[in-house]
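Each chain, written out:
There are 2 protein chains.
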Amino acid sequence: MAAELTAHQLIAQHRPTLDQALEAIRTRAYWSPHPEHPKAYGENGSLDMAAGKAAFDALLGGRLDLGQPGTDDWVGGEVSPYGIELGVTYPHADVDTLLPAMRAGQRAWRDAGAEMRAVVCLEILKRISDRTHEFAHAVMHTSGQAFMMAFQAGGPHAQDRGLEAVAYAYVEQVRTPDDAEWTKPQGKRDPIALTKRFTPVPRGVALVIGCNTFPTWNGYPGLFASLATGNAVLVKPHPRAVLPLALTVQVAREVLAEAGFDPNLVALAAERAGEGIAKTLATRPEIRIIDYTGSTAFGDWLEANARQAQVYTEKAGVNTVLVESTDNYKGMLSNLAFSLSLYSGQMCTTPQNLLIPRDGIRTEEGPRTYDEVVADLARSVGGLLGDDARANGLLGAIVNPDVKARLEAAAGLGEVALASREIANPDFPDAVVRTPVIVKLDGAKPDDQAAFMNECFGPVSFAVAVDSAADAVALLRRTIANKGAMTVGAYTTSEEVEEAVQEACLEECAQLSLNLTGGVYVNQTAAFSDFHGSGGNPAANAALCDGAFVANRFRVVEVRREA
Amino acid sequence: MAAELTAHQLIAQHRPTLDQALEAIRTRAYWSPHPEHPKAYGENGSLDMAAGKAAFDALLGGRLDLGQPGTDDWVGGEVSPYGIELGVTYPHADVDTLLPAMRAGQRAWRDAGAEMRAVVCLEILKRISDRTHEFAHAVMHTSGQAFMMAFQAGGPHAQDRGLEAVAYAYVEQVRTPDDAEWTKPQGKRDPIALTKRFTPVPRGVALVIGCNTFPTWNGYPGLFASLATGNAVLVKPHPRAVLPLALTVQVAREVLAEAGFDPNLVALAAERAGEGIAKTLATRPEIRIIDYTGSTAFGDWLEANARQAQVYTEKAGVNTVLVESTDNYKGMLSNLAFSLSLYSGQMCTTPQNLLIPRDGIRTEEGPRTYDEVVADLARSVGGLLGDDARANGLLGAIVNPDVKARLEAAAGLGEVALASREIANPDFPDAVVRTPVIVKLDGAKPDDQAAFMNECFGPVSFAVAVDSAADAVALLRRTIANKGAMTVGAYTTSEEVEEAVQEACLEECAQLSLNLTGGVYVNQTAAFSDFHGSGGNPAANAALCDGAFVANRFRVVEVRREA
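Chains as they are written, first to last, in UniProt numbering: chain A, 1 to 563; chain B, 1 to 563.
Since the hints were derived computationally from the structure, they do not count as laboratory data. Each hint should be verified, as a subset may be incorrect.
Intra- or inter-copy, both count: the list cannot distinguish identical chains.
[Stated by the list, open to error] EDC-like mimics (lysine to aspartate or glutamate), calculated; alpha carbons at most 20 angstroms apart, straight line:
#	residue 1	residue 2
1	K184	E36
2	K330	E562
3	K53	E85
4	K188	E507
5	K188	E36
6	K184	E23
7	K53	E495
8	K188	E364
9	K39	E365
10	K39	E23
11	K404	D376
12	K404	E115
From a predicted model like this one, the values you see are computed outputs, not experimental measurements.
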């Protein structure tokens with residue numbers, strides 16, 4: 001088959017972007033090729049706002065036929081957290097047919113080499129980028145994110161993370177040269193000479209198990225890391241968030257085919273309600289790599305049972321912010337208020353426990369008691385979300401009934417410093433929109449500890465009174481060690497406290513944001529610069545992205561012979 | 001404490017070597033800083049042959065006091081495969097005291113940074129190199145290797161593998177810069193600016209579980225990879241091969257102390273006979289990394305049970321050489337004869353199954369029948385080992401009674417093409433020295449398959465008659481997939497067969513040597529150039545050395561704040 005996209009074209013078009021990505025992960029300075037502003041789209045083949053919305057609307061109620069082999073049925077049933085039924089159906093796969101078909105194209109994909117795989121991945125990302133407006137609606141109506149967040153986190157930021165994974169995968173594969181001449185001196189005798197050829201080979205079929213809240217952002221790193229290292233990739237989306245990953249698979253299959261490769265190198269495994277296909281897939285012998293984002297229970301199950309595979313998990317943690325002192329009290333409050341509110345706290349990186357000395361904190365405006373700090377924070381959140389339109393734009397919708405139930409139960413755990421408020425969404429009357437609750441707890445009380453030492457995913461934060469900064473650091477250590485943490489924040493003007501918090505994070509292996517008062521928030525990480533998770537505490541066994549995230553997705557086979 | 005070895009001195013002395021190692025792993029051309037010739041030693045502080053022997057003799061019957069905390073007893077009992085009792089005793093550790101003591105120095109070691117750790121490791125290797133003659137006797141009298149092999153494989157080649165691990169560890173840690181400035185444009189508003197600090201942090205205490213046959217060669221990669229990435233390292237040697245690793249620990253502790261670090265960052269865990277301390281240590285919560293070389297059964301146990309640790313295993317495989325055709329029949333026979341004889345086949349890389357078409361092979365001297373090939377190979381081995389002195393120098397001694405028992409049992413498995421012969425060692429009358437046995441088996445017979453499809457570690461090879469080259473390739477694939485392989489060899493002048501063997505090795509992930517007829521053997525790999533194992537088949541889950549071998553021994557913690 002004559003490829004419509006030649007290696008020459010793809011390399012000419014994408015190699016400069018790959019080189020910039022390689023430079024960015026080396027310097028970790030700011031960089032992104034994917035515009036964050038909705039108005040940046042609409043030229044050079046990309047869909048503008050209206051076209052993206054129209055494309056999304058055209059998908060509703062239809063069948064997304066990916067042309068996959070072994071399709072034995074059509075399944076669907078997504079209902080947007082904003083209330084609309086998507087009505088899209090997807091291929092349901094007979095895995096005994098699909099998995100062998102996915103392996104058929106692996107040899108050609110392997111033989112294409114690391115650079116060709118990288119630029120094919122970049123072409124996939126480019127086409128996804130062009131459809132960012134369409135993806136934004138797909139992410140919004142599966143995750144419940146507000147439009148702007150679905151656009152940015154589900155679009156350019158997710159694409160950045162995918163590109164970052166491609167860059168890491170590429171550089172890892174080319175660390176060993178394709179060929180080597182090895183000539184060993186033998187004193188007066190002739191040297192011994194060998195020629196050696198090194199080939200990166202894939203592990204097999206990789207499985208990506210998607211999540212409900214960030215289907216693209218959390219799905220792309222594993223998907224692209226595995227594909228770029230030569231593996232076929234089977235995408236098993238969360239049953240409530242199929243569409244964004246199904247579109248991704250569709251684009252990948254198109255590009256692979258146009259570049260002369262077997263489209264079955266990327267496939268979708270949608271499931272019937274309650275089918276629980278992830279366990280079956282995860283233990284199939286063909287599956288050699290698994291990327292998973294979701295609950296700790298299933299992540300632990302995968303690590304224990306999918307022994308034939310390399311398993312990369314992002315599970316749950318309990319994120320802490322230490323509030324000890326600040327020289328920008330208002331900045332701190334508004335920064336924290338935003339962090340607690342964004343996407344109704346439904347991020348694995350949202351702070352849960354705010355540790356505040358019961359004797360109060362120092363600020364540039366003088367001391368503030370524990371009660372004052374909590375009341376001021378509550379006021380700050382209240383102010384941020386006081387306007388319903390802005391609140392809707394920040395909070396998005398509650399993603400599922402479990403989150404709503406946890407939110408409602410949280411008010412019974414202690415004294416409520418800020419009650420959750422119901423907000424109407426004029427565009428989507430069925431959307432469940434709630435402001436965060438802040439509950440006061442005492443770090444010294446066992447019952448309270450039982451509450452705040454477990455992840456309470458959703459718009460729930462605990463203002464935990466602690467005896468001292470030292471007590472807070474000790475509690476932080478215990479929390480990371482026992483429960484894991486995706487993020488840690490701290491506010492302090494004390495060198496001693498800063499040093500103690502840093503040392504706790506270095507020893508317990510958690511990513512720390514210090515004294516954020518401006519437009520960067522503890523729950524946000526930027527691709528090419530910030531690591532997402534550390535891979536060294538119970539919240540996640542891998543970080544996005546580093547060498548460890550890609551290095552074991554392929555192996556290098558050497559063939560040597562006498563020169 | 002004022003360090004006797006300053007960072008400045010160590011970097012000045014060792015940075016050039018590190019840079020050369022970094023270049024070598026990038027080009028994979030021949031390089032080694034460690035001389036292979038015994039006469040190269042004796043100047044610049046290194047021990048010459050006589051001094052090395054004297055140093056070894058001085059150890060015998062003595063107590064090797066490493067100054068470790070928590071030493072509750074002294075244990076020993078090594079008996080050389082050459083018959084002499086070493087009589088050395090080693091500290092037996094109370095691990096509840098030793099493990100916490102090992103963690104005490106980790107913060108300073110972490111804060112020293114990747115370059116300082118690398119040059120401290122290089123200083124350790126330098127001092128080991130200076131004592132290569134002493135180590136050679138220690139390796140010889142624990143592994144049973146002949147002196148020259150113990151000298152080279154246990155000395156410079158092991159040191160090369162250790163240095164290679166340091167180089168990989170270093171480069172992996174400096175991929176992320178120490179600091180970054182991140183400035184994100186905000187249109188007309190001021191940009192957002194963050195400063196970020198990235199610190200490689202260790203996982204915890206690493207455990208190295210040594211083996212009997214190559215205590216240093218197989219032990220050094222894990223030891224140095226873990227130490228160079230900031231971890232403390234506990235070395236649990238094989239009870240029959242303690243001395244080489246105990247000396248290694250001694251040198252490491254000396255250098256660490258002189259450089260101002262806690263010597264307890266490296267410690268020895270010797271055990272009483274039958275104590276089985278490896279299982280206890282491997283599941284301690286402090287142990288976060290394990291490197292293991294040995295039986296498949298215990299390697300599998302570690303992978304299944306030491307779930308709190310990153311586990312790197314080199315287990316057993318069944319190595320195959322395909323003999324289909326050659327244009328250098330004599331070269332092939334002598335190359336194979338050497339491979340089968342070296343260290344009595346007691347290498348994880350020694351070929352076991354020689355697959356030969358029952359219709360014979362093509363050679364530059366005309367066709368040879370299966371029987372002729374096997375007879376010629378037997379004659380070639382016989383000739384190589386015909387002289388007892390040369391035989392002793394190649395074979396070494398049988399390492400333990402199990403190997404001897406397997407050798408004796410092998411003769412009953414089929415028609416013996418070459419019988420094993422007992423050889424006297426004039427220097428060590430109690431040494432058990434045996435030439436290899438070659439047994440003819442039929443690849444089509446189930447009973448024969450049962451014999452050759454299991455690892456028969458020791459001087460046992462099977463000449464397996466197969467129906468065709470295609471049959472041989474199919475059998476090769478099955479063997480790698482089911483049993484694993486550290487090495488694969490093939491002799492063929494047919495492009496088609498070469499292609500089929502290569503494809504089998506690429507798909508099943510095994511390292512291939514083609515048509516070796518000169519002074520390089522399928523069972524030898526050179527550091528900085530050849531990978532040892534692939535990490536992609538059941539024989540080993542890691543390769544020596546690549547990025548995957550080091551990337552997950554540390555994590556990177558980021559601390560970010562507003563600029």
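Numbers of unmet hints, in rising order
Violated: hints 4, 7, 8, 9, 10, 11, 12.
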